[in-house]
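Q: Construct all of the structure, not just a fragment, from the sequences and the given hints.
Top line first, the protein sequences correspond to chains C and G. Quick note on numbering: the first sequence equals residues 26 to 419 in the numbering used here. Quick note on numbering: the second sequence equals residues 1333 to 1427 in the numbering used here.
Don't read these hints as lab results, they were simulated from the structure. Be aware that a few hints might be false.
[To be verified] If you want the footprint, here are the derived chain G segments under chain C, 3+ residues with CB under 8 Å:
{"#": "1", "segment": "1368-1381"}
{"#": "2", "segment": "1410-1421"}
[As the list claims (entries may be wrong)] Listed next, the stretches of chain C that the computed footprint assigns to chain G, with coverage defined by at least 3 CB atoms under 8 Å from CB atoms of chain G:
{"#": "3", "segment": "223-230"}
{"#": "4", "segment": "401-412"}
[Unchecked claim] Just the calculated beta-carbon pair ranges, DEER-fashion:
{"#": "5", "chain 1": "G", "residue 1": "ASP1397", "chain 2": "C", "residue 2": "THR205", "range": "26 to 34 Å"}
{"#": "6", "chain 1": "C", "residue 1": "THR390", "chain 2": "G", "residue 2": "GLU1362", "range": "54 to 62 Å"}
{"#": "7", "chain 1": "G", "residue 1": "ARG1417", "chain 2": "C", "residue 2": "TYR209", "range": "45 to 53 Å"}
{"#": "8", "chain 1": "G", "residue 1": "GLN1409", "chain 2": "C", "residue 2": "GLY75", "range": "46 to 54 Å"}
Where a beta carbon is used, it is the ideal one built from N, C-alpha and C, also for glycine.
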Amino acid sequence: MIACLLIPGFELRAALRSRPRLALVPAALAPDPSEEPLLGPVTAAASTVGVKPGMRLGEALATCPTLALVDRDPAAVEQEWEEVLRRLEDTGFAVDPVEHGVVVFETRGVERLYGGVQQALERALEAVGSGWDPRIGAATRRFTALAAASVARPGQILLVAEKEEESFLDPLPLSLLPLTRERYAELEGLGLRKIGELADLPGGAVAERLGTDGHKAWGLARGGRKAKVRGRKAAAELAEVLVFPEAVGNELTLRRALGSLLERLLARPERAGRPFRKLAMSARLVDGGSWRRAVTLRDATAEVARLRTALGPKLQELPAPLLELRLEAVELAEHTGQQLALVEPGGEETAGRLREGLRQVRASTGSGSVCAVVEVAPWSRIPETRALVVPRDE
Amino acid sequence: MVADSGDASTRRTARRVAGRLNAPLPALVETGFGGAPRVVNRQLVALVREEWRVVDRWWTEQPVDRRYFEVVLESGQNVCVYRDREEGCWFTQNA
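A: See the structure below:
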């Protein structure tokens, strides 16, 4: 079975780990300054007084003047989420994280080990810890598992048998489908409220009225595709931290600290001489918040000067003085050096640069982002069957 | 966290399956005389350049029966649309 473990409002919960008192009062995750002023997840106390996630900041403050706004803490979120994933991996699950607070995994590999699906999922809940209020939905399809997790209570395991999947999805609200706000409004205008009502419509008509996104949502409303879950490959930690005795905001000091962190990171034996492809800098700020920036290098390198040039300017984006600076290697390149030729064959340099460019794109956007067009039936009269776009991971 | 190239913990939204190139997209089409498109995606059709039919795979469970039109819109844009006679809907596609 495919299981989906869900921790609602993970970003708020992670930010509140250092301020547990706020979890008991009306509080909400503050909007990102660079985005629309809409509230993030809210605490149970805020919810009872009428404050909802996604509400406009002004409206929320008018509804509850004592509402506490919790600053975003991206470094804590990343760290806590990684810990949750590692605990699940330690229990034997090959996890496929979807986003912060949502992770999908197959139970097949560990069912015999723990004595059944239910027992295996109980172990998963235990591994995560009751403090996060996790809940699990399990089904034979990914979307049904996610829908089951969305309606489960904290600590509950909701198993949906294959023959009951359709009847389980039918009465659920449309808001579980990944659609834009405008599309929901459009569907509501058409009198649709439940997933089953959308699933009953003819696919062609849905595609014509709502476009590609609507057609995808229609497919999900009918259960979605059956696909295997591919667990991520467990990552090893390669990071260096520098803790300052007092808050530092001076750019010169910060650049020196970065240089020191780079030298320490480069000296780590786990690197085995491989250059860095992607690095992340994070900082714990003096006011209790955090800051994080990831940098993908155009050419994988282990040269201090080039790394300083790439990372240094990011320090100017720090919003406040910091108490702790952390440098983390997110991804390493495979090669350790380049073999130069006395006389290079024509086009070799261009091809090499192209390969390097593609590796950079993959490192920054993820596996499957670089594709190749493969002609399969160029003679076909049906245009979409002439060629396929195939992910090219090397 | 560190991962070798070809694997990264941050690759959460990766698309790993092969996709179709030139997949048809749903289109809003109003028809005129003889079923030819008059308005495509809220733009008036200035000229129908060509018309042809594709009937294929009739021996399978997914038969193809399409009536293609290559049209020029008022904006000067060249568009290829077809009516899927199986589904009864209009689509745009580069034919």
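Q: Now, for every hint given, state plainly whether the structure supports it.
A: Checked hints:
By the rule of at least three residues with a Cβ nearer than 8 Å to a Cβ of chain C, the coverage given for the segment 1368-1381 of chain G is violated, with 0 such residues. Coverage of the segment 1410-1421 of chain G by chain C holds in this model, with 4 residues showing a Cβ closer than 8 Å to a Cβ of that chain against a need of three. Here's how the segment 223-230 of chain C fares: 4 of its residues keep a CB closer than 8 Å to some CB of chain G, so the rule of at least three is met and the hint holds. Coverage of a stretch by a chain is defined here by at least three residues with a beta carbon nearer than 8 Å to that chain's beta carbons; for the segment 401-412 of chain C and chain G the count is 7, and the condition holds.
For ASP1397 of chain G and THR205 of chain C, the Cβ-Cβ distance of about 33 Å falls inside the hinted range of 26 to 34 Å, so the restraint holds. The beta-carbon spacing between THR390 of chain C and GLU1362 of chain G, approximately 39 Å, falls outside the hinted interval of 54 to 62 Å. Hint check: ARG1417 of chain G to TYR209 of chain C, Cβ distance near 32 Å, so the stated range 45 to 53 Å is violated. In this structure the supplied range 46 to 54 Å holds for GLN1409 of chain G paired with GLY75 of chain C, their Cβ-Cβ distance being about 49 Å.
Violation of the numbered hints given earlier is confined to hints 1, 6, 7; the remaining hints are satisfied by the structure.
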